[in-house]
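J.: Start from the sequences, fold in the hints, and give me the full structure.
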Amino acid sequence: MTRPVVLTEKLRRPEPVGLARRRLEEQLLAPSTSRLDLVVAPPGSGKTTLLARVAAAAESAGSAVGWYRVTADDATESAFVAHLARALHLDTAADESSVTDMLELLDRSPTAPTLVVFDDVHEIAGSVAERALDQFVQLRPPHLRVLVGCRRPPELNIPRLRVSGQLREITSDDLRFRSWEVEELFLSVFREPLSPESAAALTRRTGGWAAGLQLFHLATSGRSAVDRGRAVDDLGGRSKLVRSYLARNVLAELPEERRHFLLRTCTLGTLTGPLCDALLGVTGSSTILDELEHRQLFTSSDDDGHTFRYHEVLRTHLEWALVQEYGAAGAREWYSRSAALLESVGDQRAAVRAYARAEDWGAVGRLLQTRGTGPDAGAAGTDLLLPPAVVEHDPWLSLAQARRRVREGALTAAVDRFRRAESLLDEPDFRDDCQRERSVAAMWASTDTTGMSWAVDGRGSARHWSIPIRLATRRLGPARVAAPALTGSTPAPHELARGIISLLAGDFRDARRTLDAVVADRAAESTHRLLADLTIAVIDLIRDRPGDPASRLGQIALDAEVAGLPWIARLARGLGECVLAATDPAAWRLAACVDQIDECDEAGDAWGAALLTLAAAVTGLLADPVAEAHGFADAAARFRRLDAPVPALWAQALQACALAGRRRPGAAELAGRVATEARAAQVTGAQALAQIAAAMAGAPVGTAPEATGSELDRMIALFTGPAAPTPPVGEPAAATSSIPADQPAPLAASRTVTIRCLGGFSVDIDGQSVDLAPLRPRARALLRLLAMTPNRDVHREHLVDALWPGTDLTVGTRRLQVAVSSVRQLLEQRGLPGGEVVLRHGDAYRLALPPGSVVDTDAFERGVRDAETAAARGDVTAAAALRGSALSWYRGDLLPEDGPAEHVVGERDRLRLLAATTAGTLAQDYRTLGQLRQAVAAARQSVQLDRYQDLAWELLADLHRDAGDDSAAARTRREHAAAQAELELDSVRP
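The letter at position 547 of the sequence shown is residue 547 when you use UniProt numbering, and the numbering goes up by one with no holes.
In case anyone wonders, no lab produced these hints; they're calculated from the structure.
Keep in mind it's a predicted model, so treat the numbers as computed, not measured.
Do not take every clue at face value.
Pair ranges (Cβ atoms, derived) [what the hints assert, rightly or not]:
1. D958 with L913: 16 to 24 Å
2. S224 with T928: 48 to 56 Å
3. R419 with P896: 52 to 60 Å
4. T283 with L254: 13 to 21 Å
5. A517 with V282: 38 to 46 Å
6. V323 with S224: 25 to 33 Å
7. H798 with D432: 49 to 57 Å
8. P274 with D544: 42 to 50 Å
9. A328 with H306: 32 to 40 Å
10. R152 with D432: 48 to 56 Å
11. H795 with S224: 29 to 37 Å
12. D544 with E828: 22 to 30 Å
From the three backbone atoms N, C-alpha and C, an ideal C-beta is built for every residue, glycine too.
T.: Have a look at this one:
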């Protein structure tokens with residue numbers, strides 16, 4: 001019998017590349033009783049990358065691993081068995097070509113692998129080889145794990161394995177990149193960072209599809225960060241690379257009638273069999289949708305086959321292809337037909353979107369008018385970007401735009417839009433709707449109490465569910481009375497309000513129990529469920545519940561995006577960034593937290609910015625124990641501006657705990673004030689924290705905080721810091737401290753640091769160059785600025801003004817703290833105690849270097865001073881040597897990386913002039929010593945550094961003449977004259 005040819009390339013494991021995704025890899029590497037581990041996803045989802053990383057990790061852990069990339073020519077049992085046997089290191093005879101034969105050998109083999117990975121199993125779908133694989137999975141030895149990757153579920157009796165608990169699955173949704181993973185991918189793998197906002201937008205537009213991210217990287221490689229951010233909007237169906245990939249790897253597999261099915265039905269948004277039948281005038285669409293989902297052709301169903309949707313990338317591509325196929329007018333006709341169908345079945349939200357794509361603005365306005373009253377009822381269409389010219393004079397579209405602003409969190413802008421809508425239609429019910437929604441927005445936007453009238457006007461049905469929560473942000477007593485008075489068709493709003501109020505009071509257990517009911521209520525609106533889910537995630541973080549909070553928050557953000565609730569999505573995304581920064585305090589993650597706050601500020605979302613400022617303050621202390629607690633004061637100030645003293649008191653109570661734990665001045669006074677105010681506002685949790693902080697502030701160093709027996713104990717332990725905190729440099733410490741405030745503190749570990757600022761910035765530690773690339777541009781600029789004045793204080797206002805000109809001091813200080821933390825972490829990674837090198841003195845920072853360290857600017861100026869001292873003694877030889885040594889440090893202009901920055905230009909010019917003068921004086925020294933060649937070189941260096949020194953030009957000409965080179969002397973005089981002419985020309989210019 002002829003043996004099948006075994007191609008060893010199929011058995012070679014790919015090298016592990018790409019981003020390490022622990023949430024997936026650990027799931028597949030964890031011990032399990034499953035008979036089969038299955039990774040099923042469409043092409044380009046990152047299946048092979050994940051399988052290769054898992055295989056490599058298993059090998060590193062000491063397991064023997066077999067790899068088999070299946071191809072279409074392995075469809076026979078003999079070919080399949082031959083390759084699999086080789087992958088398992090089995091030596092089969094020519095007549096041993098069945099799975100049974102191989103299993104017998106496997107039982108007797110002591111060296112067989114403990115994990116075998118099959119990739120691209122879809123290539124043998126429906127073949128004898130697939131049935132052989134099924135037999136192998138069912139009968140393989142217990143010690144052998146089987147990991148399969150494919151584009152569609154293989155025919156391996158999956159239902160029985162799933163029911164019996166013997167199947168472990170990774171789906172396309174699991175493989176989808178989360179926004180924080182996209183950030184890390186572009187930073188760590190592609191080395192072209194994206195801002196959190198751009199990463200989130202890219203994640204939305206690609207659906208976290210791995211191939212889409214890779215194609216975006218290829219299309220934007222080498223561009224600036226700004227250009228990459230702009231390019232995010234162009235990715236999707238309009239991207240040439242994406243179109244090519246989908247056409248080659250997805251649509252090419254389909255017959256023509258299936259392609260037309262996809263093109264036309266993409267206009268529906270949410271798909272069902274009957275809707276597709278009605279749109280196309282055919283039957284059997286349900287079967288087609290089931291087939292598309294089964295084949296993993298970027299089609300999915302979240303309700304067991306009742307409704308379907310196309311993946312974002314495929315849908316965007318199909319919408320582009322629809323216009324190419326039928327023209328703009330033809331595409332609008334298909335959207336119009338879909339809109340009419342959607343309206344007829346009551347899916348008005350989808351109908352509004354379809355009418356908008358058909359550019360039928362009259363129909364959009366008509367549907368918005370019939371959606372009912374209240375901002376939640378009017379959700380349809382509020383996520384559309386409506387043409388300003390159309391909106392400006394249409395009352396219903398203006399109302400939709402106002403509701404859009406509410407859902408974005410831009411409440412002040414929403415109030416203005418509600419007023420505009422109200423002025424466009426003199427109809428009592430419409431104006432009443434506008435006034436009610438405007439008053440609620442105004443109530444949350446500022447101290448405007450108009451919205452409170454709806455809480456006491458006697459019309460229960462008109463009251464908004466958020467009013468008790470808003471009352472609770474001001475004072476908890478009245479809010480707890482108001483919350484039970486809510487009425488409505490569903491208890492969800494009432495329970496949501498009660499749960500959030502319990503959270504504000506510090507009763508985390510009751511809040512969790514109450515909000516669980518909201519999440520479980522299938523009749524609850526998406527706003528209520530998502531807000532409850534987000535609040536539960538925060539409570540679980542406070543209570544330190546097990547789980548993966550970053551993934552959970554990422555899913556909430558995605559669900560909020562789908563539901564058209566950007567303010568919840570932004571808040572969930574920002575909290576996710578804070579969670580990641582607290583557990584993995586890389587410099588870029590801390591900066592990402594600040595970027596999320598800036599995103600809220602830019603969107604006009606004052607509440608989101610305040611909440612994330614508080615979260616970022618907590619993160620900053622967890623990530624960097626030596627950081628100061630300024631972020632809490634910023635958060636409290638933001639809440640006070642929103643007339644929300646209750647969350648402000650929580651921020652101040654946490655600040656008091658942090659200050660007391662670190663024995664900072666003013667901790668006792670702040671804690672006492674917060675305790676008094678919290679008692680008056682009935683904020684029992686914040687009051688308890690403040691009282692403990694007050695006790696800690698007056699206790700001896702090393703005293704642990706007294707346990708309360710409540711869930712506040714963990715929070716207290718986190719924020720009171722180490723048992724023996726060290727006061728910051730410059731404040732009274734222990735009696736043994738005798739370090740003057742203007743001297744650098746001794747470092748824990750003596751390392752030699754060399755910093756060069758002249759001719760280009762670099763840092764060496766013990767002779768090894770430090771890679772500064774991990775630092776963000778502003779953090780690198782901060783390090784350069786501090787290096788200009790080593791061991792001397794630089795006030796924070798000067799730093800903020802230099803690095804973030806025109807920025808509010810509070811915002812700039814927050815960014816400065818993040819940059820300082822980033823620099824400290826980088827130095828710590830290189831063996832320096834970052835908190836001791838980048839020191840804080842009150843409102844100033846300094847770069848305190850270890851003994852024996854060198855900064856080239858200091859070395860240069862010190863050499864010049866020593867030369868002057870030698871010259872004053874009349875020692876020309878020593879003076880010349882010292883000047884030459886000093887000039888060796890001057891490799892070029894000061895910090896050329898900073899360009900014309902104001903904080904550098906003056907010092908750069910001073911040092912250049914000093915170098916030019918020193919070189920000219922050195923030329924005179926060499927002339928005195930009779931060393932004409934060296935004198936000419938020094939004089940030439942002087943005029944190159946400063947073209948407008950007459951003495952240096954004249955000295956250079958004289959030196960050429962003394963050397964007998966009259967031509968060179970003449971040329972020097974001409975160059976001198978040209979320089980003088982430039983000065984004269986500059987002096988007469990207006």
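J.: Which constraints among the numbered hints does this structure fail? Numbers only, ascending.
T.: Checked against the structure, no hint fails, so every one of them is satisfied.
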